[in-house]
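> Below are the chains, spelled out letter by letter.
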Amino acid sequence: MSTAASAIEPTTAMPLLELRGISKEFPGVKALDDVSFAVYPGEVHMLLGENGAGKSSLMKVLCGAYHADAGEFWYKGEKVAISSTADAQKLGVAVIFQEFSLVPHLDIAQNIFLGREPKGRIPGTIDRRKILADARRVLGMIGFDIDPSTTIDKLGVAQQQMVEIAKAISQNARILVMDEPTAALSDRETELLFALIARLKADGASIVYISHRMAEVFALGDRITVLRDGRRIDGVKPADVTPDQLVRMMVGRNVDMTYPRNFAEKPGELLLEVKGLSSSTGISDINIEVRRGEIVGLCGLVGSGRSEVARAIFGADPASAGEIIFDGKSMSGEPDLAARRGIALIPESRKSEGLALLRSVSDNLVVSALRKLFPSGLFDQRAAQRTSDGLIRQLRIATPSARQTVGLLSGGNQQKVVIGKWLAAGSKLFIFDEPTRGIDIGAKSEIFALIDRLVAEGAAALMISSEQVEICHVCDRAYVMREGRIAGHLTRNELTEENIVRLGMHHA
Amino acid sequence: MTDITKDATMPPRSFLSQDAIQVFYRLLAAFLICAVLAVLSDSFLSLGNILNVLRQASLTFFIASGLTLVVLTAGLDLSVGANVALSACIAGTVIHKTGSPALGILAGLACGGLVGLLNGVMVTALRIPSFIATYGMLWVLNGLTYWYMAGETLHGFPAGFRQIGSGYLFGLPIPVYLLLVFLGIGTLFAQRTIWGQEIYAIGANPVAARLSGIPVARRLLLVYAVSGTMAGLASIIFLSRLNSAEADIGESLTLPAIAAVLIGGTSLFGGVGTVFGTFIGALILTLVLNGMNLLSVSANWQPLVTGIIVILAVWLDMKTRRRAQ
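Top line first, the protein sequences correspond to chains A and B. Just so you know, we're using the numbering used here here: the first sequence kicks off at 1 and counts up by one. Just so you know, we're using the numbering used here here: the second sequence kicks off at 1 and counts up by one.
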């Protein structure tokens, strides 16, 4: 694994853009430490690393959003400076972020040429005919067949991504940086994107591609650069490595890619019974049972109503019909009732719904357990800190102290804090909504080991996940949702990716 | 990332919490102002003047302390001044009609608390943004007070009642004792009770607070009711000190109370701030105004100076906080 970068770089071609010895420091964190990185014409360069390894920082340095503390930029063999996004744009660097920067109520053409609109004859007007023609030409270049006068809010995620790419192409981008571009795409859309990438490559454009998906890395990549802790670990070619080796480079240790799970011989007593639950959020007639000792999956396509079911059980959205029986007693009320009775919700967007980012790790860990820890109503900061220290050790939360601001932790550690607050509260049923989204591989297997331990100790889990592999590995059984209803139930033996997809698809 | 946080390059959050640092800077500022005034004016350091400053600061503090809790939840209560006026008029009427200061005090507190509770209902059950709900309430209360008083002035209260606002105990004005008591209660409530913790959590992220099992609506009701009750308390002190009540007494109270909260370091975005900070905020505000009086600066300059201090304090806070991120 110690192959020097130069050994695998084509010696004949000159890099289009080369970064040498880039360092970038933030207060307390060395985001990038002496990273060198070269992009050659017409290649797909995969950028790999756990969350926080420095991929995003490197990307932001590349596009001029961050100013590097040290290091040099070389463009076609000449030393250049990238100190602003305008500099990067001049060199042909464009970034397709995960969050698109399109204006929803403007049309495709207006978005592509936003701020660069062709002027009409009357000063202050836009040459509408020219902007549409130009847009059509750019869309044609990337093979995207759509009317450029369609407004953005009518487009799906994949189509919006195409518009972003068209916008970049129209600015003569030669280096396209894509940040997990397939994260929100369906399989079919992913195929279309890959075809487009092949086409851009054939035209001599270079793609810097950030991904968490091993399959993509091998399907698309010409070269791979692995980052860890802000340092460049290695540069390799896909043909020379195995997925396991890459994972080891990313995490710096051996990680079991299969998730350990001790399936119970026979599930425990009934803990949650949902009968005919409906809600105005679009779910209807939901029937679910969860027993102690079980991890029950809740799958289906994004938008099939999985999160809505979780929220309705937790009382976050009011039910319009049906009954929730928890631990033998009927339950209806706000989340504070569900929490008191022993239900935990680990929401999908932990930053906006799971944590108070500006508060400390300790504040966040005890927030759901205040009444349990301090029955007198009197809060004791030291006792809270002690409880937090225990949880930090138990969950192996990587933080300098319980007083650290939680927003400064990595995604995986933040997720552990969200889980930890419910451990402190002594919850019995844990509802996980996409528990591993945006979490690196090492933290993932830790979180699954934790869930396994929880249910082994008599708790139960209801787990929503779009990662069907995870559902299949981890769950005792699973419900599959389609269009707001339960479309089917899969037992342990029936639980395969094919079955989940078959039940979750429309008109299956 | 799992590993970088283990890295020695990442320092733990500093020994002093952000709150402690904020309070420290404010105490420093208050001392500096005192030092400057002591040099510039001979009469500043006289006992009489210092007690006068404390008594004036106490009135602003009573209103601002309850308001601090509201602002901690990322809300605002614009009705506090109008609430003081109505509560004072009702308390005064009850004392006149029954001759009992105790009943009057109860009526004033009850009126303030009830108004606060109504604010809370508008914010939680009707989901009206607090800024708008309490702004509307301001007009409603003003209307009620003017209608009720019909241009009359209540004055002449029993001597015992007047002691609350103007009496002394062991050489200190009674409002100063009340100030210390409520500063203690407010600080204990915010820092040392689970309700206080929940209020900070709500202000820091209301959605996460609700999904963490905090009864957000009930806590907000409590916070607005407390803010109203503190306005009721202020009305009693006011009534007792002035020995009279008119419909328009509340009009100059709300904005200084908000200023004290902001100068004291409580963020309008919620989740950050302390009751003690608000006390120092009220103190700084009063000191500056007092100093301007002593130095014979025209009173017309006072709003301008207040505005500059507020902007300066908030700007410095944002700067230090951004550095902490």
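A couple of the hints might just be wrong.
[Unchecked claim] Facing chain A, a subset of chain B residues (Cβ under 10 Å, in silico):
{"id": "1", "residue": "198"}
{"id": "2", "residue": "213"}
{"id": "3", "residue": "214"}
[Claimed, not checked] Straight line, CA to CA, 27 Å or less: simulated DSSO-like cross-link-like pairs of lysine-lysine:
{"id": "4", "chain 1": "A", "residue 1": "329", "chain 2": "A", "residue 2": "351"}
{"id": "5", "chain 1": "A", "residue 1": "372", "chain 2": "A", "residue 2": "351"}
{"id": "6", "chain 1": "A", "residue 1": "275", "chain 2": "A", "residue 2": "329"}
{"id": "7", "chain 1": "A", "residue 1": "351", "chain 2": "B", "residue 2": "97"}
{"id": "8", "chain 1": "B", "residue 1": "97", "chain 2": "A", "residue 2": "30"}
{"id": "9", "chain 1": "A", "residue 1": "428", "chain 2": "A", "residue 2": "329"}
In short, the hints are calculated from the structure, not lab data. Just so you know, these numbers come straight off a predicted model, no measurement behind them. Even for Gly, the Cβ is constructed at its ideal location relative to N, Cα and C.
> Hint by hint, say whether it matches the structure.
Hints versus structure:
no. : hint           : verdict
1   : 198            : 7 Å, holds
2   : 213            : 3 Å, holds
3   : 214            : 6 Å, holds
4   : A/329 to A/351 : 32 Å, violated
5   : A/372 to A/351 : 25 Å, holds
6   : A/275 to A/329 : 13 Å, holds
7   : A/351 to B/97  : 57 Å, violated
8   : B/97 to A/30   : 72 Å, violated
9   : A/428 to A/329 : 14 Å, holds
Checked against the numbered hints above, the structure breaks hints 4, 7 and 8 and satisfies the rest.
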